[in-house]
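> Protein sequence lines, in the order shown, are assigned to chains A and B.
Letter 183 of the first sequence, counting from 1, is numbered 186 in my numbering, and no numbers are missing.
Letter 74 of the second sequence, counting from 1, is numbered 75 in my numbering, and no numbers are missing.
It is worth saying that the hints were derived from the structure and are not from the lab.
Glycine included, each C-beta is placed from N, C-alpha and C at the ideal position.
Errors might be hidden in some of the hints.
Mimicking EDC-like on lysine to aspartate or glutamate, the simulated pairs with C-alpha atoms at most 16 Å apart in a straight line are [unchecked claim]:
1. B:K151 with A:E242
2. A:K275 with A:E319
3. A:K33 with B:E112
Here chain B is said to cover these stretches of chain A; the calculated rule only asks that three of the stretch's residues, wherever they fall, bring their Cβ under 8 Å from a Cβ of chain B [what the hints assert, rightly or not]:
4. 5-14
5. 23-37
6. 44-57
Across the chosen pairs, the derived CB separations fall in these ranges [claimed, not checked]:
7. B:S48 with A:A147: 21 to 27 Å
8. B:E123 with A:E239: 52 to 58 Å
9. B:D50 with A:R126: 34 to 40 Å
10. A:E145 with B:R11: 23 to 29 Å
11. B:E123 with A:T5: 23 to 29 Å
12. B:P105 with A:A147: 50 to 56 Å
13. A:S146 with B:D126: 53 to 59 Å
14. A:M4 with B:E47: 26 to 32 Å
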Amino acid sequence: MTNDPRQLIDGYLDETLSSDEHELLNRWLKAAPENAQQLAHATLLHDRLRSEHLALDAASEISRRALAPVLGKSTAASALRLSRWATSTASTAAIVAAMLLAAVLWKGFGESSASAAVVELNRIIAANAQPSDRTFKITVEESALPQRQRERSESPESNRPPKPPIEGAVLHVRGGGQFVLVRKTADGRPFVTGSNGQTSWAVRPDGPVRFSSDLTRFNRDLPGHEHSMPLSNIHEGLERLREAFDVQLLPVESGDEANIDDEPSRLIVAVKKRGFRGPKRVEVTYSVRSGLIRQMRFVEMPYGPARLTLRMTLVEEQPLGEAFFDHQSHHDADRTVEEE
Amino acid sequence: MDDNARQATRLWTLAQPVVSAFVTSVVRDFSARDDVLQEVAVAVIESFDRYDSSQSFVGWALGIARNQVGLYLRRVRRDRLVFDDETIAFLASAFGAVSADESPKLGFLQECLRGLEGRARELCDLRYRHDLKPAAIAEAVGMTANSVAKALQRIRDQLRECIERKAAAAGTTT
Chain A
4 MTNDPRQLID GYLDETLSSD EHELLNRWLK AAPENAQQLA HATLLHDRLR
54 SEHLALDAAS EISRRALAPV LGKSTAASAL RLSRWATSTA STAAIVAAML
104 LAAVLWKGFG ESSASAAVVE LNRIIAANAQ PSDRTFKITV EESALPQRQR
154 ERSESPESNR PPKPPIEGAV LHVRGGGQFV LVRKTADGRP FVTGSNGQTS
204 WAVRPDGPVR FSSDLTRFNR DLPGHEHSMP LSNIHEGLER LREAFDVQLL
254 PVESGDEANI DDEPSRLIVA VKKRGFRGPK RVEVTYSVRS GLIRQMRFVE
304 MPYGPARLTL RMTLVEEQPL GEAFFDHQSH HDADRTVEEE
Chain B
2 MDDNARQATR LWTLAQPVVS AFVTSVVRDF SARDDVLQEV AVAVIESFDR
52 YDSSQSFVGW ALGIARNQVG LYLRRVRRDR LVFDDETIAF LASAFGAVSA
102 DESPKLGFLQ ECLRGLEGRA RELCDLRYRH DLKPAAIAEA VGMTANSVAK
152 ALQRIRDQLR ECIERKAAAA GTTT
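Let the hints inform the model, and build the full structure from the sequences given.
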């Protein structure tokens, strides 16, 4: 046990004091105002050391988040330089204080932020209903199957032919109701489903081409269809966000795949409300200027017995041709076509 | 943001390092400190209308912090080694007394930190960036907990000397 005040103070700050030493320090602090001031001096340094170390991360994060939408990828190096500048010249305490205050103010303005997000969501819904053609790539980040379902997969039902994998699929969309989804079967042949807004259709690698006036007829093996959020119908998915999710606006991080050019992007995060079914969370990255979607990410989306986390990322935005969403554009003219 | 909020923001930004250090002097766990500090910030902003501008803002904010620390301690007192109320009151006064002289000098800390090298830099990083205590640091770097504690003490002394030297050179001494 030490009774050296300096060692007691250091031990206190590093949480290495015994209860006897702690009591000794407690008594010593009350013995004279100078003693308490000695601890105050030591703690100011100790606390600032913590802030300085965190500020290296914080300054980098602040500039990354704040500048990414404005600067885009091409000026990432400038952002990094600015981050270093911020770290070296700005008062660390001010950074931490500003972050804290921002958090406080954010708390107070939470409701108006949610309203702003709903207004933005309405704008996005309108913008994405326009008949422009866009192509997305689908990436599955994670697929989880509950244990009990894994056990059931030994049942005879599991002998049904597997669904074409959604990973790596390409989705073309036009406005709210037209789409073409291209997946690959296990042996690499294309399996194409789509809709031109009048009929829906499926072009399998073999067998007849099928079409139906039921626009949802060939959506049923797509994630989200059973919760009014089919991947193939962005418009319907966005409408669903409005009614069944709590939404908020966030800036987009730099380096995000959705930042395809130097145009500013913004992020809407939608968290499913209690009592509704569907993915746990949906993140929509969109162009601030046009409102057009660049990426949608679905977290824990129900897909049969599994839960998928997947994202759709915009890869192209150009006219696909008048007949692209008709089935005839996706198979040879001599294929048999059947109506269902 | 209206003028009142702008003024509250400006004053809080200046006072926050001292208030943070005061909270740390009682609530040593950094993440708990952050929680308490956030409560203090909320209370400061919410009650700013009652602040008498003829008085020290730091002193006023330290008073609010003292109340918030008290609320926190009532929740955890049974589990932790903490100072009694009288000592906490002494500490609040002490921080108020030293802040005006001490805060400007700590502006040199960043420069002094850049002078740390090798093991000293590593220990400092583990203690302050990763929030590890001496026992955990000792395990990570193959030293004893006691030697880590002593090394941290030397590092802080070294930084303190560096700060005082630079402050003296810049004419920021008391």
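> For every hint, state whether the structure bears it out.
Hint-by-hint comparison with the structure:
| no. | hint | in the structure |
| --- | --- | --- |
| 1 | B:K151 with A:E242 | 62 Å, violated |
| 2 | A:K275 with A:E319 | 29 Å, violated |
| 3 | A:K33 with B:E112 | 34 Å, violated |
| 4 | 5-14 | holds (count 4) |
| 5 | 23-37 | holds (count 5) |
| 6 | 44-57 | holds (count 14) |
| 7 | B:S48 with A:A147: 21 to 27 Å | 48 Å, violated |
| 8 | B:E123 with A:E239: 52 to 58 Å | 55 Å, holds |
| 9 | B:D50 with A:R126: 34 to 40 Å | 37 Å, holds |
| 10 | A:E145 with B:R11: 23 to 29 Å | 46 Å, violated |
| 11 | B:E123 with A:T5: 23 to 29 Å | 26 Å, holds |
| 12 | B:P105 with A:A147: 50 to 56 Å | 55 Å, holds |
| 13 | A:S146 with B:D126: 53 to 59 Å | 38 Å, violated |
| 14 | A:M4 with B:E47: 26 to 32 Å | 44 Å, violated |
Checked against the numbered hints above, the structure violates hints 1, 2, 3, 7, 10, 13, 14; every other hint is satisfied.
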